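Asks: Spelled out from the first residue to the last, the chains are:
There are 2 protein chains.
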Amino acid sequence: MSREEAKKTLKDLGAKITHQIKKGKNPEIEFPLRNLSNIIYDKKSKTLKLGNKTGSRSFFNVSHSKKFLQTVEVASVITDKLLDSGKHSSLRDVFYMVKKTIPGTKVNLVDEQTESDKAIEDLEVITGLSREQLHVNANKNGSVAGKVVIEDKGDIIDWSKLGSGGWAIPSNVEEIKFKKVDAAYILYMEKAAVWERLNEDKFWLKQNAIIIASQGQTTRGIRRLLQRLYEEHNLPIYVLCDGDIYGAYIYSVIKYGSIALAHASERLTIPGVRYLGITTDDIEKYDLKKHFIKLDEKDYARIKQVANYDWFKDNKEWQRQFKMMKDNKAKVEIQALSARGISFISEEYLPKKIKNKEFID
Amino acid sequence: MSREEAKKTLKDLGAKITHQIKKGKNPEIEFPLRNLSNIIYDKKSKTLKLGNKTGSRSFFNVSHSKKFLQTVEVASVITDKLLDSGKHSSLRDVFYMVKKTIPGTKVNLVDEQTESDKAIEDLEVITGLSREQLHVNANKNGSVAGKVVIEDKGDIIDWSKLGSGGWAIPSNVEEIKFKKVDAAYILYMEKAAVWERLNEDKFWLKQNAIIIASQGQTTRGIRRLLQRLYEEHNLPIYVLCDGDIYGAYIYSVIKYGSIALAHASERLTIPGVRYLGITTDDIEKYDLKKHFIKLDEKDYARIKQVANYDWFKDNKEWQRQFKMMKDNKAKVEIQALSARGISFISEEYLPKKIKNKEFID
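Just so you know, the sequences run in chain order G and H.
Here my numbering is used: the first residue of the first sequence is 556, the next is one more, and so on.
Here my numbering is used: the first residue of the second sequence is 556, the next is one more, and so on.
Heads up, a few of these hints could be off.
Since the list gives no way to pick out one identical chain from another, each pair is judged satisfied if it fits inside one copy or across any two copies.
Below, simulated DSSO-like cross-link-like pairs (lysine-lysine); rule was C-alpha separation at most 30 Å, straight line [as the list claims (entries may be wrong)]:
{"id": "1", "residue 1": "Lys757", "residue 2": "Lys566"}
{"id": "2", "residue 1": "Lys757", "residue 2": "Lys702"}
{"id": "3", "residue 1": "Lys571", "residue 2": "Lys734"}
{"id": "4", "residue 1": "Lys871", "residue 2": "Lys907"}
{"id": "5", "residue 1": "Lys849", "residue 2": "Lys661"}
{"id": "6", "residue 1": "Lys810", "residue 2": "Lys912"}
{"id": "7", "residue 1": "Lys578", "residue 2": "Lys702"}
{"id": "8", "residue 1": "Lys735", "residue 2": "Lys840"}
{"id": "9", "residue 1": "Lys908", "residue 2": "Lys716"}
{"id": "10", "residue 1": "Lys622", "residue 2": "Lys868"}
To be clear, the hints were calculated from the coordinates, so they are not data collected in a lab.
Because the structure is a prediction, the values reported are computed rather than measured.
Work out the full structure, taking the sequences as your base and the hints as a guide.
Replies: This is how it looks when you write it as structure tokens:
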């Protein structure tokens with residue numbers, strides 16, 4: 556969807572509200588509810604989604620009117636300041652742009668960023684537009700390398716010619732164009748240090764792969780980049796995380812979505828993504844027991860919680876992994892493979908696992 | 556210094572130890588102490604430095620022998636696995652590479668990463684080589700854009716042609732070569748979202764600047780990149796942080812060094828760097844009082860602590876800033892400038908401040 560179409564969607568919303576006012580009606584906006592009771596795991600599409608419950612927000616309602624105003628003001632700022640100029644902004648910037656005193660009162664329209672954040676999320680479900688389409692960017696993080704050429708802001712960028720750094724992934728990848736994609740698969744990893752190992756070993760060239768890393772959480776920019784490559788170029792995606800419950804969760808967010816962003820699942824989840832490692836089986840196979848890190852109470856609690864999520868509950872292979880984690884009383888990091896040799900990961904572990912299709916779905 | 560020279564330095568260290576053993580002496584290594592009592596602020600060079608106190612570590616000393624072994628083992632791993640192959644590694648990887656059972660015992664050479672980290676730091680002060688020269692990388696983080704062309708790993712990379720992402724700064728920038736540097740100054744900022752704003756506005760092109768951002772802490776890779784551009788190309792560096800005590804500290808680490816890395820000051824500090832904003836004066840000037848964030852107890856405690864650091868203690872301008880922070884009872888973020896307009900920062904605030912040389916040193 557183009558910027559003009561996004562603008563039209565917001566203008567239509569404004570026109571609808573003005574129309575209600577002109578007819579002497581109480582202006583009202585309807586939208587799908589985003590609270591926990593309306594978040595469901597859809598087994599068919601294998602994604603977290605919003606259910607059918609809807610709510611509404613009207614101006615002449617004491618408990619709604621401030622939120623109604625916040626939604627309208629955010630819509631106005633996004634239309635006039637962002638979509639009109641073609642510029643992008645962060646959540647924090649939008650907060651400062653809408654933070655003002657309501658005329659004729661001493662009341663601030665928003666006091667905390669959570670209020671403008673929620674208004675932006677509301678606007679996403681009201682309009683069906685993603686935050687990216689609304690030109691509100693999430694965090695910037697991560698690097699990528701591989702035999703891919705893109706066009707972005709008029710620049711032709713070759714991901715195979717960016718030395719030891721790679722291309723810094725922007726927070727918003729909606730407008731980049733893939734000019735050439737020469738790869739058999741994508742390897743996504745949670746650790747930048749592992750990416751540097753693979754990049755120094757020219758893993759992406761030798762294995763004909765695209766390597767992508769964040770540092771910690773997978774940003775929306777990275778998730779959209781993965782999804783676009785997956786959908787537009789049919790590339791399989793393999794996920795490489797630490798062998799612990801947090802690694803399993805990072806994988807599940809990419810695959811099934813998250814509770815907080817259930818309304819955006821369609822634009823962020825990748826049902827075909829596969830988990831490559833570290834698995835609890837790798838621990839036996841690659842003799843990593845010496846490098847165990849003991850689980851603490853927090854780890855056990857999180858295993859219990861994640862194992863009960865709808866999208867893991869009936870998955871036998873993952874339940875087996877979770878059980879083994881508890882039996883081992885331990886977790887293992889990706890970097891433990893370094894004990895087998897500095898390039899063991901790029902020369903042995905990854906090529907072998909990928910060749911033998913040792914994935915967990 | 557080349558990789559061969561670094562290797563020779565480590566081999567010489569090994570030869571010295573072997574020589575002592577052959578002569579029937581207790582093998583011993585001498586080095587400058589790195590504890591607080593030996594960290595001084597040198598007013599002349601304006602950097603945090605190690606003093607003249609030295610310590611030694613010998614093998615036949617119950618309280619030294621494990622640390623002695625750790626240092627020797629780390630030196631051996633770095634020589635054989637890293638410098639020999641030309642490969643680089645992270646602190647975490649080195650930990651796993653040296654984590655093994657001491658032959659004939661049930662004792663692990665290292666149990667925690669802090670032990671191998673300390674051994675690497677010891678090796679830095681023993682040999683005078685930096686961690687980067689020892690091929691042990693720190694974290695990877697940050698992006699850069701500007702009219703600069705570099706050569707890295709055989710690739711020619713033009714920082715002005717990398718779209719909305721920029722070049723992802725690697726953890727180690729020792730080997731990059733600057734082929735063309737066309738800029739009047741460098742602007743370093745602590746926030747990636749601000750970098751995205753300036754990059755979208757092509758600030759670096761319009762202002763003939765290089766823009767560099769991390770997200771949070773300034774990595775060693777970024778500090779070395781700043782230092783190399785400063786020293787090799789005489790570029791002034793201006794720092795843009797939130798108007799709070801943490802921003803002041805981020806600036807001071809780049810300028811004077813940090814206690815934890817005092818032994819590496821020479822390779823990391825940049826005495827000429829200048830603080831651009833947000834200052835407490837900007838708050839008045841740009842009417843940002845509406846966007847105050849109240850200080851909490853932690854903020855007050857940190858102000859007290861930072862204001863007493865040797866490198867701030869006698870600095871009148873900074874003491875004035877700290878006092879005003881306390882008087883205002885508030886801090887201000889860079890993004891508060893967005894309240895004045897989405898591109899106010901790139902079109903008004905920054906060009907004006909830089910033109911009028913409104914810096915704090």
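Asks: Hint by hint, say whether it matches the structure.
Replies: Hints and how they fare:
For the identical chains of this complex, Lys757 and Lys566 are inter-copy neighbours only, at 29 Å across copies versus 49 Å inside a copy, given an alpha-carbon limit of 30 Å. With identical chains, the CA atoms of Lys757 and Lys702 are at most 30 Å apart both within one copy (11 Å) and between copies (27 Å). In this homomeric assembly, Lys571 and Lys734 never come within 30 Å of each other (Cα to Cα): the closest approach is 40 Å inside a single copy and 57 Å across copies. In this assembly of identical chains, the alpha carbons of Lys871 and Lys907 lie at most 30 Å apart only when taken from the same copy (24 Å versus 63 Å across copies).
For the identical chains of this complex, Lys849 and Lys661 are inter-copy neighbours only, at 19 Å across copies versus 55 Å inside a copy, given an alpha-carbon limit of 30 Å. With identical chains, the CA atoms of Lys810 and Lys912 are at most 30 Å apart within one copy only, with a shortest distance of 18 Å there and 51 Å across copies. For a Cα distance limit of 30 Å, the shortest separation of Lys578 from Lys702 qualifies neither inside one copy, at 59 Å, nor across copies, at 57 Å. Taking the closest pair of Cα atoms, Lys735 and Lys840 never come within 30 Å of each other, the shortest separation being 38 Å inside a single copy and 50 Å across copies.
In the homo-oligomer, the alpha carbons of Lys908 and Lys716 lie at most 30 Å apart inside one protomer (27 Å), although the nearest pairing across protomers, at 37 Å, exceeds that limit. When the C-alpha separation of Lys622 and Lys868 is checked against a cutoff of 30 Å, the pair qualifies neither within a copy, at 37 Å, nor between copies, at 48 Å.
When held up to the earlier numbered hints, the structure conflicts with 3, 7, 8 and 10 and fits the remainder.
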